[in-house]
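Peer 1: Below are the chains, spelled out letter by letter.
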Amino acid sequence: MSLASYGKPASPAVVAVDALGPFAGVAVLVLLMHFVIGPAVGPYYAKILVDIAISIVLAVSLNVVNGFTGQFSIGHAAFMAVGGYTAAAITYFGTVKIWGGLPLVHADPQGWGLFVVGTVAGALVAGLFGLFVGLPSLRLRGDYLALVTLGFGEIVRVLLMQTGSIPDPKVIAEAPLYTLPLKLGGSLGFGGVPTYTNLFWAWLWAGLTLVIVYRLKASTHGRAFLSVREDEIAAEAMGIPTTSVKVRAFVLSAALAGIAGALFAHELGTTLNPKELGFQKSFEVVIMVVLGGMGSLSGAVLAAAVLTVLPEVLREFSEYRMIVYALILILVMLVRPQGLFGIHEVWELPVVRRLLGGRGPK
Amino acid sequence: MALLEVRDLHVHYGAVHALQGISLDVEEGQIVTLIGSNGAGKSTTLRAISGLVRPSSGSIKFAGRHLEGVKAHEIVRMGIAQSPEGRGVFANLTVDDNLEIGAYTRTDRAGVLSDKERVLDLFPRLRERLRQLSGTLSGGEQQMLAIARALLARPKLLLLDEPSLGLAPQIVQTIFAIIRDINKQGTTILLIEQNAHMALGAAHMGYVIEVGQIVLHDEARVLAASDEVRKAYLGVG
Ligand SMILES: Nc1ncnc2c1ncn2[C@@H]1O[C@H](COP(=O)(O)OP(=O)(O)OP(=O)(O)O)[C@@H](O)[C@H]1O
Ligand SMILES: [Mg+2]
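Chains Y and V, in that order, are what the protein sequence lines are.
Per our numbering, the first sequence starts with residue 15, numbered consecutively.
Per our numbering, the second sequence starts with residue 1250, numbered consecutively.
Hints are not guaranteed to be accurate.
Quick list of the computed label-pair ranges, beta carbon to beta carbon [as the list claims (entries may be wrong)]:
| # | chain 1 | residue 1 | chain 2 | residue 2 | range |
| --- | --- | --- | --- | --- | --- |
| 1 | Y | Tyr334 | V | Gly1384 | 32 to 40 Å |
| 2 | Y | Lys289 | V | Arg1358 | 44 to 52 Å |
| 3 | Y | Ala27 | V | Ala1312 | 57 to 65 Å |
| 4 | Y | Pro53 | V | Glu1366 | 49 to 57 Å |
| 5 | Y | Asp32 | V | Arg1314 | 35 to 43 Å |
| 6 | Y | Ile51 | V | Gly1384 | 37 to 45 Å |
| 7 | V | Ser1308 | Y | Leu154 | 25 to 33 Å |
| 8 | V | Gln1462 | Y | Phe146 | 45 to 53 Å |
| 9 | Y | Arg367 | V | Ala1251 | 45 to 53 Å |
| 10 | Y | Ala27 | V | Gly1384 | 31 to 39 Å |
Derived from the structure by calculation, the hints contain no laboratory data.
Every residue gets a Cβ at the ideal spot worked out from N, C-alpha and C, and that includes glycine.
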């Protein structure tokens, strides 16, 4: 809520800039990444940048639940898996069914439409799973959600392990559609998923996620989310339907995680494998949110970037990172339980405000 | 017919029988106060009316509609808002955010903005602190915020739970003057207080509650003059 929006209505021009500005910003960022930064840094760093974007989607989306509404979900990777496998099934089986023959590792340019469909479907299916997990558990008090999401993560992992191997193209071409979701590669993973994810798509979805969640935070709905975190009973007493608010937050969060899963599934050099998307991955995302600050989007972005880059630059770190994460978690809880930035954005911190000359942008 | 009619209300917390058959009426346009000592059941009465606790029996009727079993957030939409015990301001949100949350149930944006102006005129201290985090407000300012936030729901009935608690006498005077103002502008008020002197001074009607039962009720000035109340609650005699 900014002072400008308080009192007199803003002029139409200001409203238009307000509404479209962030999307223009995303467009500029995406084009920069794709045409300037990508070619300049080369494939190795481009992959790291893609990983950062995926981490941003994950951390920012988990923040909607853990940060905004103050619930504690520790099964985010499961929604990522649901979205990733949904999207992969659509692009892989879809390519065989539509064009015949195996999807190339480097995907056909014409297939990107299928990739968009897969990503959106991944978000929808993950959101649906979010509804099924959230509806029963969010009626209960806080801690149940942690347990239920933990259990859900394990169930998803085990079920994916149980799926059959990917059939031959000839078999796929003939098989009825409903049989295909039972053949997702099992414990070996979903091999041969075409590569569509690049700087363009990764940063497009990361940018959209940021804009959506940032606007949410500043909206009436977002304030309702935050009030639930602050004091659930008082929120209820102010007329906020707290259970439905929590479920909505959870569904949105799961859907966005599904997008991250779709991006991950179609990235070069990653295998879509149940083992990759287990508790360890969920824990990494929780660390990003806790470290950046429960409720702070810029904090989540920073933490996502740092924790994605660190294992790359420090090989040793990569080996011990779970230990380091656990230590970070304990340390943050002891010293600064609200995370580095708490509920606030980086530019709202007193130090930064002073640097910016009194008042931060908002 | 009174705006709010409570009949033979019982509330249990597990084995604790907190309300043992409370009946009270709040007439439209009035300030009605419910006074009593610690643990008497004042806040429980308020929580039952606002749907935050389930009564075990009895009836609560507001503007002719039954409230038992209606969810708390729906009761706000029906026209009852509250400043809860302990104020319940959202500490990590700004004063302005808190006020906006008070108006959550409303869709008439223009009306909300003009009501915001109105409550900020009532509480000029809040206007100066719109972007301050409400957790950093003083106790008195938080109380003002809790009342202002409830007013932004534009309630027909405003429930106030001990607005004077922990405040300096001067601030208490200010708050009570504002409570009278709010009432004069047309809002019916159910005021819960331990400060019987101030409450009976401001109210039209008064109820005295002791261990879950109404033991006295009358016009506020009659109660203020009665021996029992003077001895037990006004520290006289
Ligand atoms: N959640 C609860 N669980 C168990 N007992 C409760 C609960 N809430 C209140 N009580 C009990 O119910 C009785 C009435 O409590 P209530 O809060 O209504 O008192 P009150 O009149 O508001 O007191 P005070 O002036 O101290 O706020 C007390 O004996 C209290 O201990
Ligand atoms: Mg009380």
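Peer 1: For this structure, which hints from the list above don't hold up?
Peer 2: When the structure is compared with the hints, only number 3 turns out to be violated.
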